[in-house]
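*Asks:* Residues per chain are reported as follows:
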Amino acid sequence: MASDTGSAQRAGRCAVCVFVFVACIGVVAQQPSSFAASHSGKNEFVIKNAILLTATHGRIENGSVYVKDGKIIAFGANVSAPASATVIDAQGKYVTPGIIDPHSHMALDDDVNEATSPVVPQMLMKDAFDYNDKAIYRALAGGVTSSLLLHGSADMIGGQAVVIKNKYGLDRDQMLFPGAPQSIKFASGENPKRVFGDKKQLPSTRMGNFEVQREALTQAKDYMRQWDEYNEKVKKGDKSATAPKKDLKLEALAQILQGKMLVQIHCYRADEFLTEMAIADEFGYKIRAFHHALEAYKVPEAIAKNNIAIATFADWWGFKYEAWDAIPWNADLAMKAGVRVAIKSDSNDYMRRLNQEAAKTMRYGGATEDQAMQMLTINPAWIMGVEDKTGSIDTGKDADLVLWTGYPLSTYGVPEKVWIDGDLYFDRSLPGLGMPQLQEGQ
Amino acid sequence: MKRAAFRLSLFALLAPGAAFAQQKTSPVKSATTAALDPNKPIVISRGILLTITHGTIDNGVLVIDKGKIAVVGAAGSVKVPGGAQTIDAKGMIVYPGLIDSETHLGLTEISADRMTNDLVERSDEIMPHMHTADAFHAESALIPVSRYNGITNAIVAPDSGDTLPGQDSFIQLAGADATQMLLIRDIAMPLNFTGKQRRNESFATAQYPQTRMGMAAQIRQAFTDAQGYVTKWDEYNKKKAALKPGENPPSPPARDLKLEALVPYLEGKKPVVVKAEEPNDVETAYALAQEFKLKVIFNGLTHSQAIYDKIASWKVPVILGSIYDDPKEWQRYDAIYKMPGDLSKRGVKIAFASFDAHQVRNLPYAAGFAVAFGLPYDEAIKALTLYPAQIWGVDDQLGSLEVGKVANVVVATGDPLDVKTDVKYVFIQGRPVPLVNRQTELRDRYSNR
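These protein sequences, in sequence, are chains G and D.
At the far end of the first sequence sits residue 442, using our numbering, and the numbering has no gaps.
At the far end of the second sequence sits residue 1449, using our numbering, and the numbering has no gaps.
Keep in mind the hints are simulated off the structure, nothing from the lab.
Any given hint could be a false lead.
Said to hold, decoys possible - Once the Cα atoms are required to be at most 30 angstroms apart in a straight line, the calculated DSBU-like pairs of lysine-lysine come out as:
1) D:Lys1079 x D:Lys1066
2) D:Lys1349 x D:Lys1338
3) D:Lys1310 x D:Lys1258
4) G:Lys320 x D:Lys1196
5) G:Lys68 x G:Lys221
6) G:Lys93 x D:Lys1295
7) D:Lys1310 x G:Lys336
8) D:Lys1345 x G:Lys93
9) D:Lys1328 x G:Lys126
10) D:Lys1345 x D:Lys1310
11) G:Lys68 x G:Lys48
12) D:Lys1196 x G:Lys199
13) G:Lys235 x G:Lys260
Starting from the given sequences, assemble the full structure and let the hints guide the process.
*Replies:* As structure tokens, then:
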């Protein structure tokens, strides 16, 4: 009886979910008819009278940015845009590249961790990507134009990330970042050992953690060898050769070993950076970035030497034991030792004001304005492998731009307008949600 | 006029180039914190004083003596004691210590480590006899980290998992031990009514109260029981007073610590901090409070935009937010960011809180962010100083730079609400607090290898 009631309650909840889901679809379907025209990727405009914080070319007072067909065509103090370009007067306000968040779990509903096995590289976050999640809108309103949506940290080797441009209101495939390389999530430390240890499974210790990782990569090497042998036989005309069974998990691991994926490792402790780097050396793959990396300041030279970036919090600490030695000077100390540093959110809250988080590095450790901007834009873009496409105000790059109400590296600067690929996706002055693509009442 | 002057200097701070140039070229030729003798007068000169109650003084002098603020005024207009130790605060901002109106300081150390957490007693919902003062860990590493950013006083509240989780303490963030830091024990009692206090995970495991009506009924019963308890004791005391010689004294009622804990709140002697978020919860919780004539401070209100006017008409102070809570699906991204400005505009007395322990240091940035969304700057500063002092009944001691008040004073390189501002001196009860903590020690250990 009780269980019947329980399932009735669950069914009721599901009905609610369905209703909410349908309602969300409804919102997206409400796109005004002018939408296609205004978001064609074919806009031509010039932002004038702005202070440009370019991230890669410093600060340009009284600067302009000329945008056409979704790209930055020209920028600087002397830009001659054709008369056909619409003029946007920034009135002396700041314009920056769009913020890039290299560590987010938004828009994945509760599907962040496939924690039924500690090695799940065949999981594709794209399959869970909830492109209707309003969190994307809130990130956009915080000036974030691109995000790396990562698998969680329950597993030693997690799933494959999805890179998006935060074009809230568009269809799923229109939000995927074209040409972005494939990233994969690794983790280490307390989370995997807790998740599996609580289930009385391997791993429940750090030695278990790393052994699980080595075991998986060893299997992948074996799998690659089997395929190599098979391919060799086929090449030699051996008709009796039988193909090894295709295994998606091992395929994904093989791609890591072949250097086809950017390895993003959730890792807190200094000793674990060293172990992860040793394993990467042993198996011959590169680590793109350590995420969280709260103890990077203890071994920054080793991280820098391996050309590994960090995606870190500005000042989070103490939420667990492996975060007990976190200090707000971490980003600056690592940067000064030559590490490429990004400030990331890992939070649907902090992603809305990452600019403030980066500004904290100016206070703790004295990052310059340029360095703080780089931590928000070009460095996270590098972590995601899209640094040639976005992450700075540069000729030929995607026109991912933010116009701010005040100085962005402060408590007070908030985005006024946000463009992605030259289309306006957020405009604070508009009523309702402030989204030109979802204007209510049209 | 003085306020206008401060706005100008604030504007200069917002233009970062100017502010940083100023910081770099201004040599601080003053006593270091370690060199200051707390037993002698300390003069803070040439700073911009945010007095809170008497405007901004551009070239000001503030003297700390015997734990109190002895002098506040413009340079040349006030007498400075001879031979005093001096801090040159030229180009810096001097303001009263910030007050955080809800923290868990001293109740947690490492969030994920259960043995270091004393946040809330989950065995029952009605736990007014839990005193945060009993768990307060004065030596917590989180406290020096918090005061590093100019937070000098805080409310220590239990977590909001119960409807009546216990009683708050009011602390100062420095002192030799817990007795010195716990300024007021049992200063207020939270009454949480956000729906999150329900025990309704599933029908199979649900316990009373599974619903909001269950929560309300349980609270109502608790206060009704406390009323009955008061009546019993009143009757007993009446009988005892009327006792004639030779008569047997009446036997006293059995004491009940849980009900006793509710009595000062029933009598309106102390405030109940009512936490609710949605309009329906706000109305239900307020009606409950009215039913028992409780003195109310609101807390939360994150999704109650629709009834701001009504809330303002109740004339109760509000602890804001957190303003960082997620808006509802249908809401604009800034619906909650605007709450401080929207309530302030309606004449509501507001105070900010971090609702945290590790990130108490970031309290002033919530106020700054609220300024970006419409809260006047002066109100933002007051909502970190004078207003919480008034709300918690300590404004005769704290909340402004005024002669005679306790010398909780902060000297910083710039605007207290901006993330880039560095705090240079913190005084608590007139004593210079070393700006050293677990994190600065780690920084120094690893940057000087």
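*Asks:* Taking each numbered hint in turn, which are not upheld by the structure, reported in ascending numerical order?
*Replies:* 3, 5, 6 and 7
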